[in-house]
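Asks: Here are the chains, one letter per residue:
Protein chains: 2
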Amino acid sequence: MTKVRVHNFTMSLDGFVAGPLQDIDHPLGVRGEQLHEWAFATRTFRDMHEMHGGEVSIDDEIAAAARQNVGAHIIGRNMFGPIRGDWPDEAWTGWWGEDPPYHHPVFVLTHHARPSLEMQGGTIFHFVTDGIESALDRARDAAGSSDVMIGGGASTVRQFLAAGLIDEMHVAVVPVLLGDGERLFGGLPDIAEQYRFEPVIGSDAAAHFQLRRN
Amino acid sequence: MTKVRVHNFTMSLDGFVAGPLQDIDHPLGVRGEQLHEWAFATRTFRDMHEMHGGEVSIDDEIAAAARQNVGAHIIGRNMFGPIRGDWPDEAWTGWWGEDPPYHHPVFVLTHHARPSLEMQGGTIFHFVTDGIESALDRARDAAGSSDVMIGGGASTVRQFLAAGLIDEMHVAVVPVLLGDGERLFGGLPDIAEQYRFEPVIGSDAAAHFQLRRN
Chain A
-2 MTKVRVHNFT MSLDGFVAGP LQDIDHPLGV RGEQLHEWAF ATRTFRDMHE
48 MHGGEVSIDD EIAAAARQNV GAHIIGRNMF GPIRGDWPDE AWTGWWGEDP
98 PYHHPVFVLT HHARPSLEMQ GGTIFHFVTD GIESALDRAR DAAGSSDVMI
148 GGGASTVRQF LAAGLIDEMH VAVVPVLLGD GERLFGGLPD IAEQYRFEPV
198 IGSDAAAHFQ LRRN
Chain B
-2 MTKVRVHNFT MSLDGFVAGP LQDIDHPLGV RGEQLHEWAF ATRTFRDMHE
48 MHGGEVSIDD EIAAAARQNV GAHIIGRNMF GPIRGDWPDE AWTGWWGEDP
98 PYHHPVFVLT HHARPSLEMQ GGTIFHFVTD GIESALDRAR DAAGSSDVMI
148 GGGASTVRQF LAAGLIDEMH VAVVPVLLGD GERLFGGLPD IAEQYRFEPV
198 IGSDAAAHFQ LRRN
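Chains as they are written, first to last, in our numbering: chain A, -2 to 211; chain B, -2 to 211.
Next up, chain A with everything else stripped away, as it sits in the complex:
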């Protein structure tokens, strides 16, 4: 049975997964990039983005798990780009350049239809306008015997959590206070009994919580 997974979802100690005042210059909100310092430091992250170096550490081991056995991604439209409303044209092809780091089909949740977009390296973006369950059906078909990753952002993960569709989730809590911003949790009263946890894993830079659906 293939799974629906979330990995490397990072939250400040005060519960925010993006800072306040998100805009095109601050896609993670003010101070939001502080959330991801633990990941930026890992070899896995740096390899994915064709940078040199990076630490081989417990953080790296956990970051690397996100790459194993994933056959398709589902992401929200804001993860794909800053454009809101109708697509003015087809010039925007994502934040990642010609060869995005996915290398498999990526289903983008949107209210605005657009033809699929084939990139280099095996990434193809499909734009899904009929909701999360349809996106999941299509992603499962595309992934075959591999798993489906819910890539974010927060509102996409929240929709899948609220629908009881996430099998495994990794949340990293980091020693950062953002004061305000976008929350992952809250308004999800039914999740209390749905998951069991692996033992907590802590590095200097993050505490890793791994949840599995009961």
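What the hints contain is simulated information worked out from the structure, not anything from laboratory work.
Wrong hints could be hidden among the right ones.
Calculated Cβ distances over 10 Å to all of chain A for the following chain B residues [claimed, not checked]:
hint : residue
1    : 24
2    : 30
3    : 46
4    : 61
5    : 62
6    : 90
7    : 94
8    : 117
9    : 180
10   : 183
11   : 191
12   : 198
Simulated coverage check for chain B against chain A, where a stretch passes if three residues somewhere in it have a Cβ under 8 Å from a Cβ of chain A [stated by the list, open to error]:
hint : stretch
13   : 146 to 152
14   : 172 to 179
15   : 200 to 208
All C-beta atoms in this analysis are idealised placements derived from N, C-alpha and C, irrespective of residue type, glycine included.
Using the hints provided, position chain B relative to the given structure of chain A.
Replies: Just chain B now, kept in the frame of chain A:
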């Protein structure tokens, strides 16, 4: 310079420091006792409450830090007892029996005056009706060269955080989802730049975050 400290303040992964539906039978809210399993397992906690056994672990070491160099506590009224409004009489003397585990002056924030209450073992409860800064002045005087501990609950800690009065804080995040309840953080936009963190310490049962005011 003496400090104002918070220790062993425990939060679920989804950000709640007490479960929903707090009442006299569930002073920590529904499922709220799950938050404190890491602390209940420590020798320090069990010694404080005159129980045998308990683990000597990194959790225990961190729990024990809360007992060092504390000369006075400040707590909210709900930490002292379940009575709301005027005191009907002086029969209620706290949740802890004749010999509470404080052994020094404890200042209880309330809107309802009441004479001080001297218990066995050095604990004396003073009831403060003129606000947190007055309580802090009195607690500092009582503590002398020792520190003042803000004992909780959440709304008391929030008031001191909002006023910029907490010097050191230890928050334990635990592998529990409560789904709903009372938050510690949120609505405190100014705290983002106020604290620096020690490296995260993780055990199987909790992730410990230690903050110091800049």
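Asks: I'd like to know which numbered hints this structure contradicts. Please list them from smallest to largest.
Replies: Failing hints, ascending: 9, 10, 11, 12, 13.
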